[in-house]
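Chains as they are written, first to last, in our numbering: chain A, 4 to 264; chain B, 50 to 463.
Read the hints as simulated data drawn from the structure, not as lab findings. Worth double-checking, as some hints may not be accurate.
Claimed, not checked - Now the stretches of chain B that chain A is said to cover, found in silico as 3 or more residues with beta-carbon under 8 Å:
1. 158-171
2. 267-278
3. 332-342
4. 384-397
Claimed, not checked - Incomplete in silico selection of chain A near chain B, CB under 10 Å:
5. Gln127
6. Glu170
7. Lys208
8. Val231
9. Met235
10. Ile246
11. Pro247
From a predicted model like this one, the values you see are computed outputs, not experimental measurements. Every residue, glycine too, gets a C-beta built ideally from N, C-alpha and C.
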Amino acid sequence: MMDVKTKAGINLHAVLRNIQELCDIDETAGNAVKGKKITVKFSVKGCEPMALAFDDGKCVYLRGDALKEGAKGALKLYFSSPEKFNTLVDGGKVTPIPSGAITKIGFVLKEFNILTERLAHYLQPTEAEKAELLTDKTYFKDNTTLLAYTAFHALAEIGNTDPIGREIARRMPDGNISIEVKNGPSIGISVKGGRMAAQIGGFEKPSALMVFDNLNVVNDVLNGKTDVYSAMGMGLFAISGLIPLLDNMSHLLGFVPKYLG
Amino acid sequence: MDKLNVYDKSRSLYNRALKCIPQGVYGHLGPSNGCMIPVDYYPIFSQKAKGAYFWDVDGNKFLDYMCAYGPNILGYNDEDVDKAALAQLKKGNCTTIPDSVLVDFAELLTDTTGKDWAFFAKNGGDVTALSVLTARAATGRKKIVMVKGGYHGVAPWMQKLGYAGVVEEDVGNNLYVHWNDIKEFEDLISKYPGQIAAFISTPYYHPTFEDNKLPAENYWKGIRDLCTKHGIVLIFDDIRCGFRLNIAGSDAHYGVKADLITFCKAIANGYNVSALCGVDSLKGAVSDVFYTGSYWMSAEPFAAGVACINKMKRENTIATLRFTADKLHGGLKEVAKKNGREIVITGEPVMWYMRHTNDENFFMHQAWVAECVRRGVFFANHHNHFVNSAITDEDIAFTLDVADRAYKAIKDKF
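Bound-form chain B, shown alone:
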């Protein structure tokens, strides 16, 4: 029986939301930025979550391959992480001076990543912004080199000219290179001698709407060498990849040592904390930067982070994620082939991006994803996906069955 979800309560709630919240649900979790196409195939509001699943307000159950866009790595409401967080919450959370768990978390994070210090905030953008401030404070230079199509958050300098509210001056010190192009970076260094403070990039190229690309052989070594030679701070934006590729950070995964590395998402399995970690030589510079926030010292997420990282180490979560991803991808490719389609999977397997061949403008892919969603498997159209360690073989089998039914549903349209 091909049961299709209906979303009456989500729609009703959304209409209420529109009256008091811009866009109803703004940002990447909303129907617009979330590319929910067509919107009526998607749930808007969640009711509860556990393990690999969430349930919407209509009671529909979804196997979730977006993992809250990254934070869910051990499964929603992981008992060990929740237990640690709740214990800390009862003990004390937002207080006038920080709880001692701040030090525990910083020690664990620096030990784990091989960096010398950790600075905590809330969101990824908080710490990517801090990384750039730190690089400028350390070098006395203005310009920042970033990869075209890269994403580092939503502060004005991270956005593009022409976006609402962004002015020329906001992005005036940004310089852009193409992914995997060391020569372009070298040319910029020659063009702007002594002016480049930092090179900031995600560990590999994972934009939306495009096949994801891994670093070419020696790419990161080449970038590292140029940064070292010219006194440029190398920043790894590991917000999305952090703890999914390597427990020590994605710079370690790709065989280099970044000067600064940012973490968020998987760091505490959904509890709100982010971190900037760095080398000792930048500790003075980051200390000079005035940077603070009302909830940045909240203890509950720190306790969750300690529990999350320890559990990931204990259970070798990264190996589990890779095993799950490989199995899933093999199955998806097979199901696609059986239905006369070809699915293309790019990027790191645990954070794969997918599209279909012979579908240049994505119309078929969007229809297939929508049919999967309304059958209970939550994919996104044009963003990379995620796996978590709570996904079982039965879940993968369910995914493949849904994928198959979704192909059959669109058979006559494309």
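Just chain A, same shape as in the assembly:
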């Protein structure tokens, strides 16, 4: 069963987080925020807040300690429940309570709207669009990379918040997992005391390693066209190191489509 708080955490820290990379890879998105300097903080009741700091075409995702300093003078958007925030992300009509730099609210209505539309272009193309878009090598790479970033950041949120996910995370030994695509992007997941954190980029000395042979394999796995076990048997996906970390992570990965599907 889907936990609304976990879903909101995923929307904040796995889905909207991607706007950071989106501004770099997508021309329309980059242009939309060119010349803009604004920080938008998202607070959802019961969830860890985050902010997106825009500065002349670039975007930085802020969380935790970085957020405390970085969100000063931000336009703050407060959602009184995870359900309301999830409704908004799913395309519904919800009005948050703005505070802080409210004179900049127009950014949310205009530029930010462009960003979310572009994000949907990469993360949620329609089936009809997908067939054509995926033949474009650049789109394929960006789509797969953003999907992977979303999935593994979502996985960490599930491990920290979902009731069953927390059970799984508690069984994980402390350590760092590097998830790498040969000649491609990498993601790091760290686990300490059953708490998980995801990051862009792997670790220099990981405790466990998960290596995808190429982006096609990542795309197939994330889109459910192949399972990780078969990919592993075929040698397209390799694991090594502290296997209990990876074994439990694979159980968490099984929850990701329930939240993102």
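Since the structure of chain A is provided, determine the placement of chain B on it from the hints.
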């Protein structure tokens, strides 16, 4: 000459398998659950087996220290066991009413283990599940205490919350204690008075990925006493250890008498049969449980089991296994030392678990095991190993030579 195996036919067959079998090969014999790291160093499909060896479909020969994960105790295709099984097969196997060999096998098993009755099924999980059903039927209680990290099969209650297909209700009556912690068990009894049906555990702690641990002095006596005092059924899950530590069962090995004990793996040297044996006071309860299966009365494995147990008794197989294991471990430690490594061996020697020091995350160990496998010695990365009585001194010498070459192969990487 350092000949390295290649697996072209295995790979080709695996690609065929992927089209019609989930994961290609599912379960612990498959590349994923079997932790074959890296996968291309391992064979996927076997062609034949004899004694201590199996040959893969590419013709590579492997000295097998996994012993089919336990069933191989006398050597693959043991002539005495096969002869008995084949004779029974010709006489009759799967029939509408059971063959008389059912009674022969039950008598032999109860005589051997000192229990009062035997109930047969096919796999280990069939009888661990029956043991819990029996305990609940006998006590009218719901809760089951088990050891964290223990393994009793793959029925939903034996799995963990968060595993695919497992829901909260499946594991809702499970209570967990740490291995060797009698006090934790005592605390649970106080917390759930009159609610605990059974304590189920393997005879010693043999999880994957961890050093294996033997019972502390008086551990089993302490658990036995608590079970007796509080009317809790003591279940020994002897699926993996059964007939490797003591021919009478591992409860006897550790000086206690379990109320229920489960056997499988080594019981018939690879023929598919498992058994739950128990004390007389639980015979009524197990009779009340509705439990049956299409092939549970097949006579061929019963005949194999009779031949296997008799041969193990006749040849004192347990002593042979221990002698082989000790010799092998001594040699492996020496070879490791010679190569500047330290190998750690834990658990019962005949079912040892091994890892290396200064290798916290197993990267070096995995590389060494893989190099051994592609030179013809089949170890597993993170599961306990097994010896069988067909292993010779020459086989051990071959193992040590391969181990040495494997260390040299990884010398520059770790």
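Hints, verified against the model:
Proximity of the region 158-171 of chain B to chain A, defined as three or more residues with a beta carbon under 8 Å from a beta carbon of that chain, is not established by the 0 residues found. With 0 residues bearing a CB less than 8 Å from a CB of chain A, the region 267-278 of chain B misses the requirement of three and the coverage assertion fails. Only residues whose beta carbon comes within less than 8 Å of a beta carbon in chain A count, and the region 332-342 of chain B has 0; fewer than three means the coverage is violated. Counting residues of the region 384-397 of chain B whose CB falls under 8 Å from any CB of chain A gives 0; the rule of at least 3 is not met.
At its closest, the beta carbon of Gln127 of chain A sits 25 Å from a beta carbon of chain B; the interface hint therefore is violated under the 10 Å criterion. Proximity of Glu170 of chain A to chain B holds as hinted, the smallest CB-CB distance being about 5 Å (cut-off 10 Å). For Lys208 of chain A, the shortest C-beta to C-beta distance to chain B is roughly 9 Å, which falls under 10 Å, so the interface hint holds. Hint on Val231 of chain A holds. Least Cβ distance to chain B is approximately 8 Å, under the 10 Å limit.
A least Cβ separation of about 5 Å between Met235 of chain A and chain B falls short of the 10 Å threshold, and the interface hint therefore holds. Hint status for Ile246 of chain A: holds, given a least beta-carbon distance of 6 Å to chain B, under 10 Å. For the restraint placing Pro247 of chain A at the interface with chain B, the shortest Cβ-Cβ distance is roughly 5 Å, inside the 10 Å limit, so the hint holds.
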